[in-house]
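Asker: Residue strings, one per chain:
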Amino acid sequence: MKRANEPIFWSLFGAGGVLSALLGPILILITGIIAPTGTGMPPDAMAYPRVLAFAQSWCGKAALLAVISLFLWHAVHRIYHSLHDLGIHAGAGAAAVCYGFALVATLATAYLLLIIGF
Amino acid sequence: MSARKPYVRPMDGWWRRNPFFMRYMVREASAVFLAIYAVILLAGVFRLSQGAAAYEAWLAALTNPLAIVFHGIALLAVAYHAYTWWKVMPKTLPMLHLAGRRIPEIALSAGGWAATLAASLVVYVLVRGV
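Sequences listed follow chains A and B, in order.
The numbering used here applies: residue 1 is where the first sequence begins, and numbers increase by one.
The numbering used here applies: residue 1001 is where the second sequence begins, and numbers increase by one.
Treat the hints with care, since some could be wrong.
Once the Cα atoms are required to be at most 25 Å apart in a straight line, the calculated SDA-like pairs of lysine to any residue come out as [as the list claims (entries may be wrong)]:
#1 B:Lys1091 / A:Ile8
#2 B:Lys1091 / B:Ala1118
#3 A:Lys61 / B:Ala1115
#4 B:Lys1087 / A:Lys61
Hints in this document: simulated from the structure, not taken from any laboratory.
As the structure is a computational prediction, the values presented were derived from the model and not from experiment.
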């Protein structure tokens, strides 16, 4: 019998669910509302030198990769399983598109963090 | 091919018929906002890799009123996801016992909500700069 691959996707979904429950709201608030409107933060909080230094540190790279990739693995798993609820009978093609998107985004993020340097 | 036309109960809009299903679908929809937000961050990392001018153009795009409205809705959606995530978390765990008594589900959920608040505070202080 073929082994199910669901546990792998569920683990990534679970990890992304925890991470987005812990950090999702505050990150959206900071990068999407506080920084662009300039309220409640010094104006240079998201300035180029500071964010570049963050993305060049090992900690920063790990944080950016974890946030971007796990948020996406979580989201595509949910979207894929919600297609059924919307009356769309999703097959292997839809799974390939959903999980493939998260995989490509993960690899792209890792590549970009590598070329940003140390 | 059969000429029979069996009755198939229509399921269109099933989730609009009951508030419980509505909440379920709102929670599922929060994933769409989370995915778009992750793509916005990925775009930011891409622009960061291209240099200061490109990164600043990405920052400027975030000040567009439509971007701020999007982030406002995404904030509500993902906060709702966080609320429901910790709310159902105890049901995914084996029963936990402390001093011979089962830990109530609400205590475990409250621990999750407190963890979100604590993590949010830590991130805010770190980004702001101590």
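Asker: Hint by hint, note whether the structure agrees.
Answerer: Okay, the hints, checked on the actual structure:
1. B:Lys1091 / A:Ile8: Given pair Lys1091 (chain B), Ile8 (chain A) holds - Cα atoms ~20 Å apart, limit 25 Å.
2. B:Lys1091 / B:Ala1118: Holds. Lys1091 (chain B) to Ala1118 (chain B) sits at ~23 Å (cutoff 25 Å).
3. A:Lys61 / B:Ala1115: Satisfied, since the Cα-Cα distance of roughly 23 Å is no more than 25 Å.
4. B:Lys1087 / A:Lys61: violated, 31 Å
Hint 4 from the list above is the single one not met by this structure.
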